Amino acid sequence: MKKTVLTAALAASTIAGAAQAAELRMSWWGGNSRHEATQAALEVCGAKHGHVIKPEFTGWSGHYEKLTTQIAGGTEADIMQVNWPWLSIYSADGTGLADLNTLSDIIDLSSWDADQIEAGSMVGKLNGLPISTTGRLFVFNKSTYAKAGLEVPNTWDELVAAGPVFREKLGEDYYPFEAAKLDAALVMVIYGTQKTGKALIDPETNELAWTKEELTDAVSFYKTLVDNHVIIPWPDVAAAGNIKLHENPNWASGKIAGTYQWDSTYFKITGPLEEGQEVVYHGLLSQDGQKTPGIYRKASMVFSISENSPHKEAAAQIVNCLLNEEEGVAALGSTRGVPASKAAREQLLAADAIKAVQIEAQAKVISAEGPAIHPMMEFPTVRSALEDNLELFAYGEIDAETAADDMIYAINEALEDVK
Amino acid sequence: MGGESKYVGLWYVAPYVIGLVLFIAFPFLASFYLSFTDYDLLSSPEWVGTKNYEKLFTRDRTFDKSLKVTLIYVFTTVPLKLAFALFIAVVLNYRLKAINLFRTAYYVPSILGGSIAIAVLWRYIFADTGLVNMAITALGGEPINWFGDPENALFTITLLRCWQFGSAMVIFLAALQSVDKSLYEAAAIDGAGPWRIFRSITLPLITPVIFFNLIMQTVQAFQEFNGPYIITEGGPLKSTYLLPLYIYDEAFKSFDMGYASAIAWVLFAIIMVLTLIAFWSSKKWVYYAGDKRS
Chain A
12 MKKTVLTAAL AASTIAGAAQ AAELRMSWWG GNSRHEATQA ALEVCGAKHG HVIKPEFTGW
72 SGHYEKLTTQ IAGGTEADIM QVNWPWLSIY SADGTGLADL NTLSDIIDLS SWDADQIEAG
132 SMVGKLNGLP ISTTGRLFVF NKSTYAKAGL EVPNTWDELV AAGPVFREKL GEDYYPFEAA
192 KLDAALVMVI YGTQKTGKAL IDPETNELAW TKEELTDAVS FYKTLVDNHV IIPWPDVAAA
252 GNIKLHENPN WASGKIAGTY QWDSTYFKIT GPLEEGQEVV YHGLLSQDGQ KTPGIYRKAS
312 MVFSISENSP HKEAAAQIVN CLLNEEEGVA ALGSTRGVPA SKAAREQLLA ADAIKAVQIE
372 AQAKVISAEG PAIHPMMEFP TVRSALEDNL ELFAYGEIDA ETAADDMIYA INEALEDVK
Chain B
60 MGGESKYVGL WYVAPYVIGL VLFIAFPFLA SFYLSFTDYD LLSSPEWVGT KNYEKLFTRD
120 RTFDKSLKVT LIYVFTTVPL KLAFALFIAV VLNYRLKAIN LFRTAYYVPS ILGGSIAIAV
180 LWRYIFADTG LVNMAITALG GEPINWFGDP ENALFTITLL RCWQFGSAMV IFLAALQSVD
240 KSLYEAAAID GAGPWRIFRS ITLPLITPVI FFNLIMQTVQ AFQEFNGPYI ITEGGPLKST
300 YLLPLYIYDE AFKSFDMGYA SAIAWVLFAI IMVLTLIAFW SSKKWVYYAG DKRS
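So the sequences go chain by chain: A and B.
Per this note's numbering, residue 12 is the first one in the first sequence, and the count goes up by one each step.
Per this note's numbering, residue 60 is the first one in the second sequence, and the count goes up by one each step.
Note that these hints are calculated values from the structure, not bench results.
Every value quoted in this text rests on a predicted model; they were computed, and no experiment measured them.
All clues stand as given, with none of them false.
With a cut-off of at most 25 Å between alpha-carbon atoms, the simulated DSS-like pairs for lysine-lysine come out as follows:
| no. | chain 1 | residue 1 | chain 2 | residue 2 |
| --- | --- | --- | --- | --- |
| 1 | B | 312 | A | 192 |
| 2 | A | 209 | A | 234 |
| 3 | A | 255 | B | 312 |
Start from the sequences, fold in the hints, and give me the full structure.
The structure is reproduced here in structure tokens:
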């Protein structure tokens with residue numbers, strides 16, 4: 012197979028004449044479905060444009076560390092999947108990554124609207140092409156809820172009320188929701204955002220926008236969820252070995268019946284479900300008197316080209332193929348969420364290659380309102396400030412007020428670096 | 060000796076020397092310089108004097124916690140592992156049937172032990188519904204929260220390291236086999252029992268090897284990374300957050316290379332001081348062949 016592709020690639024490059032055959036590298040993170048689809052897409056795009064592309068893929072964990080180290084050492088791949096907030100680290104002045112505007116004769120930029128191009132630009136230089144827009148949504152296992160005699164919840168109150176029902180009707184090991192570590196921290200964030208109407212960190216001022224009381228209230232909500240058998244307590248999640256949701260047999264079997272996830276993770280989290288388990292991307296839970304639905308939305312990821320690449324044109328051909336051309340788009344499918352590229356979206360919709368549930372989920376992400384997310388919310392310093400203190404609270408080591416105090420201290424310290 | 064042959068030795072050692080300078084000496088010295096800088100990897104280092112060290116010793120609670128956990132880990136793991144390795148070595152020193160098979164079998168964990176796959180396996184074995192808890196409940200006991208309870212999590216990591224006792228065991232075994240048999244015969248004739256023989260003959264004669272293993276295992280324990288990184292991710296409540304994990308997080312998650320270098324140098328200083336103490340104390344308890352002490 013590989014030989015055939017290579018032969019085809021060489022033949023294509025000879026015919027094309029203008030295209031210089033290049034050996035490229037492309038790196039990304041993801042789950043198995045994304046790895047398989049991307050490798051298939053690279054084979055067809057490589058064959059079409061006469062290049063050979065070596066894939067370099069990992070899981071999410073550790074990818075940021077690896078990519079940053081590569082960029083610092085100038086050994087990064089020619090084409091990279093980059094998390095949107097990382098653009099400000101790798102290319103604060105726009106010169107750290109290739110400016111894709113200079114390759115616009117190869118990449119058809121008309122597939123993206125102005126806002127999307129702006130999201131991928133640093134100081135006017137287009138450093139990354141948005142692959143999709145993503146947001147956190149509540150996902151529920153409809154089958155398990157039906158087994159408990161419940162509809163999937165629309166409000167936090169309904170979710171909290173589902174806990175005792177699950178325990179009584181289905182057993183101690185059934186939970187209507189799950190949240191530990193980062194997921195728990197982000198549940199706390201959306202709960203507080205809805206209540207206050209403010210993002211935790213204000214992108215305009217680079218300052219913490221919540222008061223101590225508001226943060227304390229959001230932290231306390233975690234306890235409400237645990238006390239009502241809504242989520243598995245943090246120590247029990249740790250006892251099980253901190254298994255990721257998509258690897259957790261209790262999620263696959265429906266014993267864990269809800270989660271708060273990126274809409275782009277559809278294949279990853281639905282893939283392992285056992286037969287008969289139906290999950291729905293349900294939008295956002297609401298609360299009485301909320302000031303905003305509080306969607307946590309961002310450009311999920313972008314494709315960037317290395318500034319050090321000696322084959323920028325060839326890399327641009329591959330990027331365009333993956334995001335705009337029929338062969339690449341078909342092979343890639345929606346393994347990175349519903350595509351931001353208009354050409355890809357229309358093709359996949361026409362081919363029925365995007366599932367209805369994905370389109371609905373994407374529509375919920377796009378239509379929901381919420382304050383803009385500060386890029387620092389994605390940084391390890393801020394995340395560990397939230398996670399570490401919430402963990403202490405979850406273990407009963409500190410009270411909610413102290414947790415809020417310590418979060419404020421740690422986040423402010425992290426924000427000092429960007430001021 | 061001709062001019063050509065005079066320098067030929069240099070050519071032989073050149074690959075090692077070049078490797079040493081490029082990959083050990085230079086990074087070693089560079090990290091010392093970086094520990095006095097603010098360096099985010101993507102831009103040039105900026106000299107900040109002793110700021111990193113001041114922060115480390117005056118207002119970094121994570122460092123305090125991590126240092127405490129590391130010291131507890133080292134001071135429990137090293138004695139446990141050495142005692143266990145010595146015990147197994149003594150057993151394997153007996154002339155039993157198929158002894159070579161046993162010696163090989165006991166060494167296997169050391170070949171596998173440091174790998175990521177074993178760390179993942181450990182996570183499943185000690186999970187709340189894992190093999191160990193299944194065995195405990197089958198025997199009528201209560202399941203133990205190995206990873207979720209901060210009191211137990213570090214012990215689980217300690218067990219993983221102790222399980223990799225093979226290399227220390229092999230060295231002990233070699234030392235045990237080199238003990239002069241006539242000493243045992245003489246002691247037996249004088250009426251000494253097995254424990255007395257072990258305490259008064261075997262132990263003193265293998266003290267140089269105990270000392271060697273002590274130093275090596277201490278250094279290795281201070282550098283433990285894979286186990287806590289894969290199994291517990293440093294948690295819960297940072298109860299397994301050893302200093303190498305903290306260095307890694309500061310260096311490759313926060314990209315504060317200067318601060319990470321400062322922590323690394325503090326770790327180096329601790330290892331150095333403990334090694335010097337061990338060397339100093341060795342005069343009192345390590346006996347070498349030809350030693351005139353009585």
